[in-house]
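> Sequence:
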Amino acid sequence: MDIGKRLKTVRQAHGMSQRDLASRAGLTNGTISLIEKNKTSPSIASLKRLLDAFPISMSEFFASVENAAENKVFYKKSEFIEIAPQKAGLSGPGAGLISLRQLGDVSHHALQILYEIYPAHSDTGAEMLSHTGEEAGIVISGQIEITVDSQIETLTPGDGYQFASHFPHRFRNVSDEKCVIVSACTPPSF
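In the working numbering, each residue carries its 1-based index in the sequence shown increased by 308.
By construction, these hints were calculated from the structure, which means they are not laboratory data. Owing to the predicted nature of the structure, the values given are computational and were not obtained by experimental measurement. Glycine residues also receive a C-beta, built at the ideal position from the N, C-alpha and C atoms. Please note that a few of the clues may not be correct.
[To be verified] If you anchor each label on the Cβ, the simulated ranges turn out as follows:
id, residue 1, residue 2, range
1, D328, Y423, 15 to 23 Å
2, V381, K345, 34 to 42 Å
3, P495, I448, 41 to 49 Å
4, D310, G338, 28 to 36 Å
[Claimed, not checked] Here are the computed lysine-lysine pairs in the DSS-like style, where the Cα-Cα straight-line distance is at most 27 Å:
id, residue 1, residue 2
5, K347, K380
6, K316, K384
7, K385, K347
8, K347, K384
9, K384, K486
10, K345, K385
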């Protein structure tokens, strides 16, 4: 997906200038311009702040339209919706490769399920995430360092987490192996 072009389309559909969006999201006008020209990629937290200014969820931003009348129940892995920007403003060898793949179209559901992949030495960005809701997950493989407010813990396969999402939080893979997590969030917030 062309994140810059999609952001520009959404911004214009909401009748906002780059300056308006920058002001609402707490970013500079220049940053918005660079993102729209695909000269820089927003971190997950920055993209969330940008989309909250409309408001539009990350899943709506990245989703293709699913036919609600279809009442779809089963999904093949190829049908999951990638909702993380491929270049998420990260550093290190795994830069920009975090994958957050969503099960189904959350605009029709109260629960969001994600299949998350964090390459070695990748993270969600220096800026902590914070949003409405609750989230929980279980580490399937690898290890992940999770910061929630002032608590920091490294989790390994079989370990899990659950917290109110309004607490500032961050996910970092500090190991040399990729980490896979299956998580849930309610209400859907990405």
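> Note whether the CB distance of P495 and I448 lies within 41 to 49 Å or breaks it.
24 Å, violated
> Has the given pair, K316 with K384, been kept, meaning a C-alpha gap of at most 27 Å?
31 Å, violated
> Taking 27 Å as the top limit, are the C-alpha atoms of K345 and K385 close enough?
Judged against 27 Å, a Cα distance of about 31 Å means the pair is violated.
> Range hint 28 to 36 Å: satisfied by the CB atoms of D310 and G338?
Taking Cβ atoms as reference, D310 and G338 lie about 20 Å apart, which means the hint is violated.
> Measure nothing beyond the straight line between the CA atoms of K384 and K486; if it is 27 Å or shorter, mark the hint as holding.
Judged against 27 Å, a Cα distance of about 22 Å means the pair holds.
> Tell me if the straight-line CA distance from K347 to K384 falls inside 27 Å.
Not OK: K347 and K384 at ~33 Å, beyond 27 Å, violated.
> A range of 15 to 23 Å was offered for this pair. Does it hold for the Cβ distance of D328 and Y423?
Hint violated: Cβ distance 35 Å, outside 15 to 23 Å.
> Under the criterion that the straight-line Cα-Cα distance not exceed 27 Å, is the pair K347, K380 satisfied?
Cα-Cα ~37 Å, so violated.
> For the pair V381 and K345, does the Cβ-Cβ distance stay inside 34 to 42 Å?
41 Å, holds
> Is the Cα-Cα distance between K385 and K347 27 Å or less?
31 Å, violated
In this structure, the earlier hints numbered 1, 3, 4, 5, 6, 7, 8, 10 are contradicted, and the remaining ones agree with it.
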